[in-house]
Amino acid sequence: MKAMIVFLVCLFQDTVTLLFAQNLTIEVRDIEKAEGHLYVAIYNSEEAFMKKPIATFRVDVKDKILSIPCRGLPVGTYAVSLFQDENGNGSLDTGAYGIPTEKYGFSNDAEGVMGPPSYDKCSFIFSADTTLVIHLR
788 MKAMIVFLVC LFQDTVTLLF AQNLTIEVRD IEKAEGHLYV AIYNSEEAFM
838 KKPIATFRVD VKDKILSIPC RGLPVGTYAV SLFQDENGNG SLDTGAYGIP
888 TEKYGFSNDA EGVMGPPSYD KCSFIFSADT TLVIHLR
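Be aware that the sequence shown starts at 788, since it is given in the working numbering, and climbs by one per residue.
Where hints are given, some of them may not hold.
Label-pair restraints from in silico Cβ distances [stated by the list, open to error]:
{"id": "1", "residue 1": "Thr-812", "residue 2": "Tyr-884", "range": "14 to 22 Å"}
{"id": "2", "residue 1": "Arg-924", "residue 2": "Lys-838", "range": "16 to 24 Å"}
{"id": "3", "residue 1": "Ile-886", "residue 2": "Val-862", "range": "32 to 40 Å"}
DSS-like, lysine-lysine: derived pairs with alpha carbons at most 25 Å apart [said to hold, decoys possible]:
{"id": "4", "residue 1": "Lys-839", "residue 2": "Lys-820"}
{"id": "5", "residue 1": "Lys-849", "residue 2": "Lys-908"}
{"id": "6", "residue 1": "Lys-851", "residue 2": "Lys-820"}
{"id": "7", "residue 1": "Lys-908", "residue 2": "Lys-839"}
Quick caveat, the hints were computed from the structure, so don't treat them as lab data. No experiment lies behind these values; they were computed from the predicted model shown. Glycine is no exception: its CB is placed at the ideal position from the N, C-alpha and C atoms.
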């Protein structure tokens, strides 16, 4: 009987999570060259930000505006980082002083000083189907 109750509780939790899952669409604008790949990372905490994403995507860049669907994302607070890998090496290239030489962006179009912006600047509350617009820079 105890096992049955535990099973039902677990089943109920998964069902509730699915019921409250929403769709996030990430729209990327200001793509200068329709080439290479766009790497996208989604984070759900300050501790994980820029270290351990909960989801990652690699999208072919075939147009100057991209729309990336993220279906079934649970309600919560998130931050998104992305970059366009124009030369196909799988990483964000940097030049002098660590300044990126490839295009990048963050949710809320947040900007950092001498590095990436903070999680607080990038984070947004996700509670309903949303389109998040990020401009590459």
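These are the hints, each one checked on the structure:
1. Thr-812 with Tyr-884: 14 to 22 Å: Cβ of Thr-812 to Cβ of Tyr-884: about 34 Å, so the range 14 to 22 Å is violated.
2. Arg-924 with Lys-838: 16 to 24 Å: At roughly 22 Å between Cβ atoms, Lys-838 and Arg-924 fall inside 16 to 24 Å, so the hint holds.
3. Ile-886 with Val-862: 32 to 40 Å: holds, 36 Å
4. Lys-839 with Lys-820: With Cα atoms ~28 Å apart, Lys-839 and Lys-820 exceed 25 Å; violated.
5. Lys-849 with Lys-908: violated, 29 Å
6. Lys-851 with Lys-820: Within the cut-off at roughly 7 Å; holds.
7. Lys-908 with Lys-839: holds, 18 Å
In summary, the structure is inconsistent with hints 1, 4 and 5 from the numbered list given earlier, while agreeing with the others.
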